[in-house]
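Each chain sits in its own coordinate frame; assemble them with the hints.
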Amino acid sequence: MTTFAFALLFAASVFGYAWNRQAASSLRNDGQRLHSLSGFHGLYSFLCVSIPVFVLILVWLVFQGSVIDWLVTAPIAPENYATLETGPKQLVLAEIKSIAGGRIFGTPEDWKLAAAERLIQLRTMSAWLLLAAVFALAVTQVLRARRRVDADFRARQGAERMILGLIQFCAIFAVFVTVGIVFSLTFETIKFFRMVPPLEFLFGLNWEPQIPIRADQIAGAGAFGWLPVIVGTMVITVIAILVAVPTGLLTAIYLNEFASSRARAIIKPILEILSGIPTIVYGFFAVLVVAPAMRQFGADLGIAISPNTALAAGSVMGVMLIPFISSFADDALSAVPQSLRDGALALGATRGETMLSVLFPAAIPGIVGGVLLAVSRAIGETMIVVMAAGLIANMTLNPLDSVTTVTVQIVTLLIGDTSFDNPKTLAAFALGMMLFLVTLVINIFALRIVRKYREIYD
Amino acid sequence: MNDMTKVERDLNMSDAKIEARGVNLHYGTNHALKDVSIEIADRTVTSFIGPSGCGKSSFLRCLNRMNDTIDICRVTGQIMLDGQDINAASVDPVQLRAQIGMVFQKPNPFPKSIYDNVAYGPKIHGLAKSKADMDAIVEKALRRAAIWDEVKDRLHEPGTGLSGGQQQRLCIARAIATEPEVLLMDEPCSALDPIATAQVEELIDELRRDYAVVIVTHSMQQAARVSQKTAFFHLGHLVEFGDTGRLFTTPNDPRTESYLTGRIG
Ligand SMILES: Nc1ncnc2c1ncn2[C@@H]1O[C@H](COP(=O)(O)OP(=O)(O)OP(=O)(O)O)[C@@H](O)[C@H]1O
Ligand SMILES: [Mg+2]
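Quick mapping for you: the protein sequence lines, in order, are chains A and B. Read in order, the letters of the first sequence correspond to residues 1 to 458 in the working numbering. Read in order, the letters of the second sequence correspond to residues 1 to 265 in the working numbering.
The following block holds chain B by itself, in its conformation from the complex (with noise of 0.2 Å):
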């Protein structure tokens, strides 16, 4: 039965991490997302974008079970991490963002230490068998963040403290710090400089090597940079979803042109 269902996934789902089949979701009476399929694969930077409204921030709260804070919220579909239904009733929520991380489109940092709120979630799953270990987890983190050299000398400061674009590669840090399989992140670049932009540009480049790293933004360019696939979203539909390079240049669809071009958004 297990083997079946591996060698099953070895055929049909190739490289597929997520897959979405049939994503409905509304907000009380507002039909948000409407039948929405989609493949997320590993090792690989898939970029959704579309104007605001549209339902990205919805999807990807989809993907690591945030709507289920919201009461209102009920999300219809099927959607698979590794072949295996997040939505199952085996599956623990808590476990599940254990694995998908999340970076927020406004900075979020606990009003802790910078250090603690890096560790926090390292803590919280038990990753660090010592201080030791858990120093080197919060450097490596902040490292990869870019923002270690402007927090080293006062990792035990409060982390609402910093500027909102420190803020927000703090909150990077905090996420990658748990070592999730999948990061997901909207609009992470919205409060930074081009210059930290860059760099957490760099950094998603990077985190591809290990995760599959699914990024909101509302900047084309960014999603040409950073991404191999891109999905449209309009109006709750995912319009069209392929290779970001064909996307950008070739779009198929009447209503991603008009977006590309600036007619509709």
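With the rest of the complex left out, here is chain A (with noise of 0.2 Å):
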């Protein structure tokens, strides 16, 4: 039945638009100088109709549901339905569903079978009405978009304006989201804070986010220190960090100053493909090659080192960015102008020289920019770490430990049954508010510097 709705606004669109704009090319054939050109005219009428019947179609869909369910619900006696608790109340919901698609398990009761049968019959009038509605929305406005073609009237400013305004609202729309899931962000965080002090969560060193499961356990207070978490986080950076810039820079460099165009030709798309590699095939690289080969090397040179550590996720994870790093020095080195490459080379450079002294200066913030947000990749980063880091928080820096970091350990503190009134679930959020804001300040530090950098070279 939506489909029928879409096709209908398609049509009455379409048709909007084919009446206007005969019409005024009609005008026009009388003699009359029409202000705007008559497609404006067409294009007017479409706009007309096609965005308010859209709009209509789309809070039809949003508010059926729950419109139903409540008129559904009405009538059952209160005490099997409208006293229960929210839990409960879900499953009579799900299970009157359940029989209305045909699935009936055991013998249900009569007002649960009452109900269904209101159900169904309540989808079907919903949808024809709204196939109703939809109709007369769109003959109104077509009809109204019709009349209001004449010699005078500007259509083209009424179309630009709808379309300015639909416009302002895809870029508003991203806008309200940052700010709905911030905000959203925030809440739960404050909610977290009341059950655990900030300084506790801040400069606590104690990672045990367990909560008594039965309130007589003794053994279960739990404790939300997330400084291990963070400096897990740091350390991972860290090492992805050290492995990527350097290769990824020389990388960028090889490309850029010294490759054959027949090497570039083959390196670069395989530098795409190494980015486009999904970041789980990176993790269970890192689990079952990277870190079983590490310990065997250890092993061999005599020193212990745990099944996750933190230098295997790292390292993986320091691969994983090497085609980021790279292409964005690449980037930034060609953007530096072929006439600084010339200027050097006829003093009597050397292509090293005139790389290390006057193309890599030019570039260095185009790079450093890049170099940030690879940052904020990696400590962002979840399926690598979650597969090879570990999941007990240690407060410790040597890279062979394992580790684990904040956003392993939002999977894990969200895995599993969830409700949103203990501090265990709630640190999710507190932690996912730290990161986001640890983030934020970075990719606001790197966009700085690109922006920097696009001003020298325009």
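No lab work stands behind these hints, which were simulated from the structure alone. Some clues are possibly wrong.
[What the hints assert, rightly or not] Residues from chain A that keep clear of chain B, each with C-beta distances beyond 10 Å, as calculated:
1) Trp60
2) Phe135
3) Leu202
4) Phe203
5) Leu340
6) Asp342
7) Pro361
[Said to hold, decoys possible] No farther apart than 30 Å at their CA atoms in a straight line, the calculated lysine-lysine pairs in the DSSO-like style are these:
8) Lys452(A) with Lys123(B)
9) Lys112(B) with Lys452(A)
10) Lys424(A) with Lys89(A)
11) Lys97(A) with Lys191(A)
12) Lys152(B) with Lys131(B)
13) Lys140(B) with Lys106(B)
14) Lys452(A) with Lys268(A)
15) Lys152(B) with Lys452(A)
16) Lys106(B) with Lys452(A)
17) Lys140(B) with Lys112(B)
18) Lys112(B) with Lys131(B)
19) Lys123(B) with Lys112(B)
Quantities reported herein were computed from a predicted structural model and do not represent experimental measurements. Note that the Cβ used here is the ideal one computed from N, Cα and C, for glycine as well.
Next comes the structure, spelled out in structure tokens:
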């Protein structure tokens, strides 16, 4: 039925376009001077029809579910539904829905069968109502737009205003989503800090986010000091950057200055493939290949290395970031004008000297921007560390130990039974908030630097 | 053997600093220079004139092997500097470019300070023994390029912050700071006002005492003012080459005459 509604929307818009356009053309053929081209009259009608009808369909779809639920459950005897808790209520509703869908388990009570019957009726009715509403609105809008066609009507301005509104809406939409996410993060974080003092969270050295499962359990007070977690993140990030930045930079320098066009044509696509590999694949590469190899190597040297190490996770993450850094540095280096290269070469500089003393300094702001973006990616990376770094929050700087990161902890906190009223779950939001703040600061820095470097050569 | 070449040089090449024989240049399939032969005399200003796209810049870039940096560019023929083939395998283009300075059509100062721009060449070639030495080299180069007075108080500000004309003179200073034997200038005055142009022309005239100078220009007046020899290029051919005064007054080739009178260009 929704498909029909959309088909109707489309048909009406196209009809409105054609009708208005044709009307405007015939005015012109009668010798009148039109203010707007006939195409704009058509466009005006198209937008007049499609925007409101589309909004109508969307609103309908968003609200029909809850309205129908309400109508279905309203007549049920209060002791069977209205007085229940949220959880059981949802169970009842789900059962009614599955009965309506034809999947009946056991012998449901009569009131459930009746409710299912109502549900089916309401759904059909809603679909027809939607079609009727769409039809009515579309016809009204087509007629209204058609009535406005005359020589003086400023259809172009009208259409442009609507398009402008549409564009503005899209831009604002992203802002709203961001604000919404930040807001909900903040909200839950505040709830968390009501249960756990901020000082304990920010400066605590223990991260043991257990909570008692039964009220009488003694051993599970839980500790929520985020330092070991953020330190783990930092250790892994530093390792990743230490791997990625030199390799990526040298790759970019090679590709930019020294590679023949054939080598370039081979290496660049391969780097692109590298950056297209899903992080989960890197993750099992880290667990199944890199970590065992390191362990074996350590065993040969007589060093005990735990199966999960920051080094394995970090270095694989570094490999993941190589194409990121190299493509950023490559762009930055190529953005240095050829004339600077020529200038240095013509003075008798070697290619190496040209690179080091002219190209590299000129490209450095762009490169730094890329590195900072890579840092914030490394901090936010989850999959590789979930698989390869471990779960235990050790307060350690030793890369051969297993560490855990902010993202891993968020995953483990939210896996399984969650309810939003205990510090264990809320801690995930607090961690998320901190992660968000850290990457935000880094991104702001990165964008600043990148922008500054754009200003130099334009 | 060595003596032999020296004698030969003395006999045949009189004062030729650079001698090109049968130079052909291709950009991919575009035949941009066709069989160009020319002798560029030492301590002389030679100007290249000709319509846009006729290959003046391309030929200039052959002389210090800047075309090496363009993948699709292929140069054949012989170019001798002091009797030595510059395209020979034994010649290091880096050394060659230190001997032959170049100023480009568009000013291209490095994003460094004015001082570092000028000091760059001397530094990489180890021409200065001390900081004071370097200061002297920088000052001399800036003075010769007629820009010292404008920048002496801001030597450590970025070179990219100068005006277009000042940047070009800075680039000239940068090129002469390495004390090259030949200076190639590709339309060095196209971004300059008349006063700065006059100063650069004065500089060119002064450089002539020590160097061979080759200048590409679109201004026939400028060619007439500063050069002793003029070469006219057209569609990749070196059409005519001779003493500037003679070429401008009694050109031998009808194409030269048409260009000088503004009929082709
Ligand atoms: N880097 C390049 N790649 C490909 N073709 C080029 C390149 N540089 C020059 N050409 C071609 O070579 C020919 C000669 O160009 P060149 O720059 O030498 O002309 P010019 O005489 O210096 O012109 P102008 O007076 O406009 O500077 C032109 O046809 C041009 O299109
Ligand atoms: Mg040119």
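Self-check item: Violated hints - listed by number, lowest first
Solution: Hints 5, 6, 7 and 11 are the ones this structure does not satisfy, whereas the remaining hints hold.
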